[in-house]
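Enquirer: Sequence:
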Amino acid sequence: MRTREDVLEWLSALLAFGIKPGLSRMQALLTELQIDPDAIPTVHVAGTNGKGSTVAFLREMGVAEGLQVGTFTSPYIIQFEERIMLNGVPISEADLVKAAIAVQAAIINLEPTIGTVTEFEALTALAFYHFDRIRPDFVIYEVGLGGLYDSTNVLKQPKAAIITSIGHDHQAILGDTLQEIALQKFGIIKQGTNVIAGKLQEELTVPLMAYCGDRQATLTWSQEVIRDYRLNATGTWATYEGIPETRLGLEGVHQVHNAANAVICAKQLGWSKTAIRRGLRNATHPGRFEIISRRPRIVLDGAHNPEGVTALVERLKEETKPVIVLCSILRDKDREAMLNQLREVTPDIYETTFDFPRARTLEELTADGANMIELEQFFKQVDTADHTLAVTGSLYFISTVRALLKEQSFTKKGKQ
Numbered sequence: 002m003r004t005r006e007d008v009l010e011w012l013s014a015l016l017a018f019g020i021k022p023g024l025s026r027m028q029a030l031l032t033e034l035q036i037d038p039d040a041i042p043t044v045h046v047a048g049t050n051g052k053g054s055t056v057a058f059l060r061e062m063g064v065a066e067g068l069q070v071g072t073f074t075s076p077y078i079i080q081f082e083e084r085i086m087l088n089g090v091p092i093s094e095a096d097l098v099k100a101a102i103a104v105q106a107a108i109i110n111l112e113p114t115i116g117t118v119t120e121f122e123a124l125t126a127l128a129f130y131h132f133d134r135i136r137p138d139f140v141i142y143e144v145g146l147g148g149l150y151d152s153t154n155v156l157k158q159p160k161a162a163i164i165t166s167i168g169h170d171h172q173a174i175l176g177d178t179l180q181e182i183a184l185q186k187f188g189i190i191k192q193g194t195n196v197i198a199g200k201l202q203e204e205l206t207v208p209l210m211a212y213c214g215d216r217q218a219t220l221t222w223s224q225e226v227i228r229d230y231r232l233n234a235t236g237t238w239a240t241y242e243g244i245p246e247t248r249l250g251l252e253g254v255h256q257v258h259n260a261a262n263a264v265i266c267a268k269q270l271g272w273s274k275t276a277i278r279r280g281l282r283n284a285t286h287p288g289r290f291e292i293i294s295r296r297p298r299i300v301l302d303g304a305h306n307p308e309g310v311t312a313l314v315e316r317l318k319e320e321t322k323p324v325i326v327l328c329s330i331l332r333d334k335d336r337e338a339m340l341n342q343l344r345e346v347t348p349d350i351y352e353t354t355f356d357f358p359r360a361r362t363l364e365e366l367t368a369d370g371a372n373m374i375e376l377e378q379f380f381k382q383v384d385t386a387d388h389t390l391a392v393t394g395s396l397y398f399i400s401t402v403r404a405l406l407k408e409q410s411f412t413k414k415g416k417q
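Letter by letter, the sequence shown follows residues 2 to 417 of my numbering.
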């Protein structure tokens, strides 16, 4: 492998092996690469929604504290390399290739023993290899799917385990009920871990307390530090225990709670109040109520399950202009439930498709009676000048629309 394209082609080929829960292959890979995943201080973040935003807030707090902070997240919005970053800067092509060569060699050596690895296992190994080589002060690992059997769960002694939220997503893999899904997420909690939990459903609080109790883990509810918050035309403002009112870098009431996860974690790590406040203000996270154009007003939000759409709808209710929605809901998501939620803010909902294996096709949308439009035609045919256009349905879809808008000369100020 010589280029990023070579790496992406190699990883893409591994997608054929699907999702194979379990940690044995990952542990064998790290042993072969002579990597101790706990050699660098880490924070492990799981949850249905809010993981990426929590990571963004915590990363910026760490950077403001003067630390070198690595992050491993998924999926990406602008470029693949965002998945492995240092201080918010994506891994370089040279470092990506170097890591891929090492991981590929390890996989080839182990294949007779452990069989084929998945794309996400290989990607996670890339991250561990890269961070082991550059040795940042701190690394934040975001769970890919679930928690208990996720590739990142080779961590044995994280400084903290954060559970952001529990909702209905990936039921075919994680379970049909909230309790089943929750037990998968709780799987990142180890013996004696400091656990930080976001706003969970009432029926999950006792199971989490019991899970932590069995492992002598210390549990802190992040909403306990929230003192006040308000939303207005200038953004989302929040006050936390010991932290003066600050305008958050990410918008919406749900971001007040995501930020609270990071506030608690940063306090436990001993970071300064100045760094915490600066991190709250500086956090950015593409595709999460991201205002990509002001005239016309276009918002990108990767809400991809009922809980995510609930948060988006609550934020859209604050908009002063009428709302138009453009969405592409993946085939494995509850389309009707998500559409019903979006109808709370507007009847003007357009559905489309894009180049992605799990995207509903135009034929499927037509059969479903959708208000269907081709993506390229939407921006030519639909007048959004006096509206707020919300683009949603999938983070992968957001990435596609982002690239399309850039091609059509949209900037933050509007269309050039």
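You may find that some hints are simply not true.
No farther apart than 30 Å at their CA atoms in a straight line, the calculated lysine-lysine pairs in the BS3-like style are these [as the list claims (entries may be wrong)]:
(1) Lys381 - Lys268
(2) Lys157 - Lys322
(3) Lys322 - Lys381
(4) Lys322 - Lys268
(5) Lys268 - Lys160
(6) Lys21 - Lys268
(7) Lys274 - Lys334
(8) Lys268 - Lys334
(9) Lys268 - Lys318
(10) Lys21 - Lys157
No lab work stands behind these hints: they were computed from the structure.
Enquirer: Evaluate each hint against the coordinates.
Expert: Checked hints:
1. Between the alpha carbons of Lys381 and Lys268 the distance comes to roughly 49 Å, so the proposed pair goes past 30 Å and is violated.
2. Between Lys157 and Lys322 the CA atoms are separated by roughly 49 Å; this puts the pair beyond 30 Å, and the hint is violated.
3. The straight-line distance between the Cα atoms of Lys322 and Lys381 is roughly 20 Å, inside the 30 Å bound, and the hint therefore holds.
4. Distance hint between Lys322 and Lys268 is unfulfilled; the C-alpha atoms sit about 39 Å from each other, more than 30 Å.
5. For the hint pairing Lys268 with Lys160, the CA-to-CA distance comes to about 12 Å; that is within 30 Å, so the pair holds.
6. At most 30 Å may separate the alpha-carbon atoms for a hinted pair to count; Lys21 and Lys268 exceed this at roughly 36 Å.
7. Restraint check: the Cα-Cα separation between Lys274 and Lys334 comes to about 40 Å, which exceeds 30 Å; the hinted pair is violated.
8. For the suggested pair Lys268 and Lys334, the alpha carbons sit about 37 Å apart, so the restraint of at most 30 Å is broken.
9. Between Lys268 and Lys318 the CA atoms are separated by roughly 33 Å; this puts the pair beyond 30 Å, and the hint is violated.
10. The suggested pairing of Lys21 with Lys157 holds, with an alpha-carbon distance near 21 Å, which does not exceed 30 Å.
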